[in-house]
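**Student:** So the chains spell out like this:
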Amino acid sequence: MSENDLAQNDGQRFDRLPATPADREVEGRASREEVVDWWQDRFAVPPETFEDVTFWEKGSGKIWAFSADLPSPVRVEGLGITLLRTRQEHWKPTTTGVKRFGRDATENVIDLEPGEAAAFATGHDQQLDRWDGDWGYLIAAHELAGEREPIGVGLYLHGELRSRVPKGYQEDLAVLE
Amino acid sequence: MNPLDRYERLVDDAGAFRDACDRRLPSVVRVNELRATPERTRRALDEAGVTYEPVDWNDRLLRLPDGSPGTTWPYVHGWLHGQEEVSALPALALDPDPGDRVWDACAAPGSKTCHLADLMEDSGVLIGNDNNLGRLSALRHNAERLGVSNLVVTNEDARNFSLDSLGIDALDGAVADVPCSCEGTCRKNPDVLEKWSMGHVESLVGIQKGILRRAVDLTRPGGEVVYSTCTFAPEENEAVVDHVLAGTDAEMVAWDAPLDTSPGITEWEDQQFDESLAKAHRVYPHQNDTGGFFVAKLRVGGADAATEVGE
Numbered sequence: 001m002s003e004n005d006l007a008q009n010d011g012q013r014f015d016r017l018p019a020t021p022a023d024r025e026v027e028g029r030a031s032r033e034e035v036v037d038w039w040q041d042r043f044a045v046p047p048e049t050f051e052d053v054t055f056w057e058k059g060s061g062k063i064w065a066f067s068a069d070l071p072s073p074v075r076v077e078g079l080g081i082t083l084l085r086t087r088q089e090h091w092k093p094t095t096t097g098v099k100r101f102g103r104d105a106t107e108n109v110i111d112l113e114p115g116e117a118a119a120f121a122t123g124h125d126q127q128l129d130r131w132d133g134d135w136g137y138l139i140a141a142h143e144l145a146g147e148r149e150p151i152g153v154g155l156y157l158h159g160e161l162r163s164r165v166p167k168g169y170q171e172d173l174a175v176l177e
Numbered sequence: 001m002n003p004l005d006r007y008e009r010l011v012d013d014a015g016a017f018r019d020a021c022d023r024r025l026p027s028v029v030r031v032n033e034l035r036a037t038p039e040r041t042r043r044a045l046d047e048a049g050v051t052y053e054p055v056d057w058n059d060r061l062l063r064l065p066d067g068s069p070g071t072t073w074p075y076v077h078g079w080l081h082g083q084e085e086v087s088a089l090p091a092l093a094l095d096p097d098p099g100d101r102v103w104d105a106c107a108a109p110g111s112k113t114c115h116l117a118d119l120m121e122d123s124g125v126l127i128g129n130d131n132n133l134g135r136l137s138a139l140r141h142n143a144e145r146l147g148v149s150n151l152v153v154t155n156e157d158a159r160n161f162s163l164d165s166l167g168i169d170a171l172d173g174a175v176a177d178v179p180c181s182c183e184g185t186c187r188k189n190p191d192v193l194e195k196w197s198m199g200h201v202e203s204l205v206g207i208q209k210g211i212l213r214r215a216v217d218l219t220r221p222g223g224e225v226v227y228s229t230c231t232f233a234p235e236e237n238e239a240v241v242d243h244v245l246a247g248t249d250a251e252m253v254a255w256d257a258p259l260d261t262s263p264g265i266t267e268w269e270d271q272q273f274d275e276s277l278a279k280a281h282r283v284y285p286h287q288n289d290t291g292g293f294f295v296a297k298l299r300v301g302g303a304d305a306a307t308e309v310g311e
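For the protein sequence lines, the chains are Z and D, in the order given. Numbering-wise (full-length UniProt numbering), the first sequence opens with residue 1 and increments by one. Numbering-wise (full-length UniProt numbering), the second sequence opens with residue 1 and increments by one.
It is possible that part of the hints are untrue.
Which residues of chain Z face chain D? A few of them, derived with a C-beta cut under 10 Å, are [as the list claims (entries may be wrong)]:
#, residue
1, PRO47
2, ARG75
3, GLY78
4, THR96
5, VAL109
6, ILE110
7, ALA119
8, LEU155
9, LEU157
10, GLY159
Because the hints were derived from the structure by calculation, they are not lab data. For every residue, glycine included, the Cβ atom is placed at its ideal position computed from N, Cα and C.
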């Protein structure tokens with residue numbers, strides 16, 4: 001099958017991602033292999049994390065993670081949680097995705113101090129010059145009750161950490177020292 | 001009339017019942033073990049200086065004497081979910097196993113659904129249905145916030161729900177926490193007592209019967225169905241279950257409720273109900289300082305059910 005023969009994405013239903021790029025039947029659709037590799041490459045999340053998880057596309061580029069399987073396609077209102085935005089140059093993880101699957105991440109995780117963590121959760125952008133890692137999407141985390149906990153997704157550019165915590169998640173927090 | 005007058009003869013202490021109904025409900029949260037252990041959650045609340053008391057009948061439930069969890073880190077991270085104490089009963093009664101296929105017929109806004117997911121350890125298939133599209137966004141938001149990834153959200157009339165498109169032949173369990181007259185929430189919403197009418201109750205009964213009936217029909221032999229409401233009205237409780245027991249091969253099963261309850265009743269006004277309705281549980285506000293609730297657990301019969309019953 002050539003690229004020209006590929007079907008278009010139907011935004012009204014959930015379609016399971018193909019296993020590999022070679023199995024692709026819908027134009028531009030990410031494969032399971034690429035999604036798992038992306039989480040490993042970007043955040044060092046072990047592929048085993050997704051062993052029992054199936055990936056689905058609904059809406060253009062919006063990837064959902066479901067911890068079971070169903071016949072594809074399926075027309076329902078929701079299937080698991082939103083995980084990742086594809087079909088753009090830089091794939092963007094969701095806050096829900098990093099909170100659910102980002103706990104084992106060891107790369108591109110920025111640890112925030114209490115005041116920074118509270119500002120980030122409230123949706124504020126902040127200057128953080130100490131970060132000397134990659135630019136782009138990071139997992140912002142802080143320590144809570146003795147362990148690291150992901151807060152959400154930040155976009156790091158030019159020394160600034162931009163909070164990408166969605167409005168529905170934003171909260172005004174007291175700073176815990 | 002105040003509908004609570006109707007129930008004074010059903011309770012052991014009418015004065016205590018009415019007094020409790022007039023008090024504000026304590027603020028309660030459930031620890032979401034998909035995200036954090038109760039120990040870590042308590043530690044985080046201690047660090048935040050939030051006062052809490054474990055509910056004496058379930059250590060996953062915490063009472064917050066100073067009010068809502070508001071905007072504390074454990075809440076932001078989805079380690080906690082604010083819900084009424086009694087709303088934990090349907091999931092505890094069904095007690096699903098990891099890997100089960102479970103249907104929540106009237107799922108929005110999702111407190112009970114997410115509790116089911118917690119007990120299923122986020123595995124198997126959990127179908128959260130609601131006929132109200134507007135309320136589904138609350139269900140979706142709660143599921144995302146609590147990290148529930150085994151949930152299929154559907155928007156159907158529960159009375160005609162079909163599993164066909166999901167490739168599932170039958171359910172292991174179902175919860176029918178049906179729309180009701182909500183008298184039991186009077187400590188939170190006193191309006192429900194002013195708006196109460198027998199006509200409204202009668203309009204709900206047909207829907208309640210249809211939803212419970214569908215839950216029984218979709219569940220495999222040996223599987224279990226929990227029927228619950230937050231009303232005291234026998235018309236919406238025992239009478240509905242009695243109707244479905246008579247029309248299907250489901251039967252009532254005993255369930256040890258973890259808090260003080262009264263048995264389901266077997267007669268009301270001129271109606272008689274099956275004796276097994278005594279296995280249902282009525283929760284009155286004065287018994288445990290909670291909202292009011294009704295919960296019945298049924299097992300679906302049929303040829304394959306007999307062996308499981310004997311286990």
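**Student:** Does Z/THR96 pass the interface hint, meaning its C-beta sits closer than 10 Å to a C-beta of chain D?
**Tutor:** holds, 4 Å
**Student:** Does Z/LEU157 meet its interface restraint, that is, does its C-beta lie within less than 10 Å of any C-beta in chain D?
**Tutor:** Because about 25 Å separates Z/LEU157 from the closest Cβ in chain D, which is outside the 10 Å limit, the hint is violated.
**Student:** Checking hints one by one. Is Z/GLY78 an interface residue toward chain D, by the C-beta closer than 10 Å rule?
**Tutor:** Status holds, d = 3 Å.
**Student:** Verify the interface restraint on Z/VAL109: the C-beta must sit less than 10 Å from at least one C-beta of chain D.
**Tutor:** Since the shortest Cβ distance to chain D is 15 Å, the answer is violated.
**Student:** Does Z/ILE110 meet its interface restraint, that is, does its C-beta lie within less than 10 Å of any C-beta in chain D?
**Tutor:** violated, 17 Å
**Student:** Quick check on the hint: Z/ALA119 CB to chain D CB, less than 10 Å?
**Tutor:** At about 13 Å, which exceeds the 10 Å cut-off, the nearest Cβ of chain D leaves the hint on Z/ALA119 violated.
**Student:** Min Cβ distance, Z/ARG75 to chain D: is it shorter than 10 Å?
**Tutor:** Cβ of Z/ARG75 sits 7 Å from chain D, so the hint holds.
**Student:** Tell me if Z/LEU155 is really an interface residue toward chain D, meaning its C-beta lies closer than 10 Å to one of theirs.
**Tutor:** violated, 20 Å
**Student:** Does the nearest C-beta of chain D fall within a distance shorter than 10 Å of the C-beta of Z/PRO47?
**Tutor:** Constraint on Z/PRO47 not satisfied, violated at 17 Å.
**Student:** Have a go at the Z/GLY159 hint: is there a Cβ in chain D nearer than 10 Å to its own Cβ?
**Tutor:** violated, 26 Å
Checked against the numbered hints above, the structure violates hints 1, 5, 6, 7, 8, 9, 10; every other hint is satisfied.
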